[in-house]
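Peer 1: Residue 41 in the working numbering sits at position 41 of the sequence shown; the count goes up by one each step and never skips.
Simulated from the structure, these hints should not be mistaken for lab results. Positions of the beta carbon are idealized from the N, C-alpha and C atoms, including for glycine. Check the hints yourself; a few may be wrong.
[To be verified] Derived CB-CB ranges, DEER-like:
| no. | residue 1 | residue 2 | range |
| --- | --- | --- | --- |
| 1 | Phe-20 | Leu-55 | 49 to 55 Å |
| 2 | Thr-21 | Arg-41 | 29 to 35 Å |
| 3 | Val-25 | Leu-55 | 28 to 34 Å |
| 4 | Ala-57 | Phe-20 | 53 to 59 Å |
| 5 | Met-47 | Val-27 | 51 to 57 Å |
| 6 | Arg-18 | Tyr-49 | 43 to 49 Å |
| 7 | Leu-56 | Ala-24 | 46 to 52 Å |
| 8 | Ala-57 | Tyr-28 | 41 to 47 Å |
| 9 | Met-54 | Trp-22 | 43 to 49 Å |
| 10 | Pro-17 | Tyr-49 | 47 to 53 Å |
| 11 | Leu-53 | Thr-21 | 31 to 37 Å |
| 12 | Phe-19 | Val-40 | 30 to 36 Å |
| 13 | Arg-18 | Ala-57 | 55 to 61 Å |
| 14 | Leu-55 | Ala-24 | 43 to 49 Å |
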Amino acid sequence: MYKWDMYCQEEDHPLLPRFFTWIAVIVYGTTFSLVLLGWVRWISLLMEYRQTLMLLAN
1 MYKWDMYCQE EDHPLLPRFF TWIAVIVYGT TFSLVLLGWV RWISLLMEYR
51 QTLMLLAN
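Just need the whole structure built from these sequences, with the hints factored in.
Peer 2: Structure (structure tokens):
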């Protein structure tokens, strides 16, 4: 057995348990989704406002 084989066996345990990794994935995914939905909503409101201004200008 090589020295690095023993080193790799000692390093088998990840820094964060799998449970905390899943929690982090859920939190980041939810945050990304909410930010994306916020941008889409903001852009749609901006387009409605622009369309209203165009109708009022005519």
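Peer 1: Next, verify each hint and record whether it holds.
Peer 2: These are the hints, each one checked on the structure:
1. Phe-20 - Leu-55: 49 to 55 Å: holds (53 Å)
2. Thr-21 - Arg-41: 29 to 35 Å: Hint holds: Cβ distance 30 Å, inside 29 to 35 Å.
3. Val-25 - Leu-55: 28 to 34 Å: Given about 45 Å between the Cβ atoms, the range is violated.
4. Ala-57 - Phe-20: 53 to 59 Å: Given a distance of about 55 Å, which is inside 53 to 59 Å, the answer is holds.
5. Met-47 - Val-27: 51 to 57 Å: violated (31 Å)
6. Arg-18 - Tyr-49: 43 to 49 Å: holds (47 Å)
7. Leu-56 - Ala-24: 46 to 52 Å: Holds: the Cβ-Cβ distance is about 48 Å, inside 46 to 52 Å.
8. Ala-57 - Tyr-28: 41 to 47 Å: holds (43 Å)
9. Met-54 - Trp-22: 43 to 49 Å: holds (48 Å)
10. Pro-17 - Tyr-49: 47 to 53 Å: Holds, at about 48 Å.
11. Leu-53 - Thr-21: 31 to 37 Å: Given range 31 to 37 Å: violated, Cβ gap about 48 Å.
12. Phe-19 - Val-40: 30 to 36 Å: holds (32 Å)
13. Arg-18 - Ala-57: 55 to 61 Å: Since the Cβ atoms of Arg-18 and Ala-57 sit about 58 Å apart, the hinted range of 55 to 61 Å holds.
14. Leu-55 - Ala-24: 43 to 49 Å: holds (47 Å)
In this structure, the earlier hints numbered 3, 5, 11 are contradicted, and the remaining ones agree with it.
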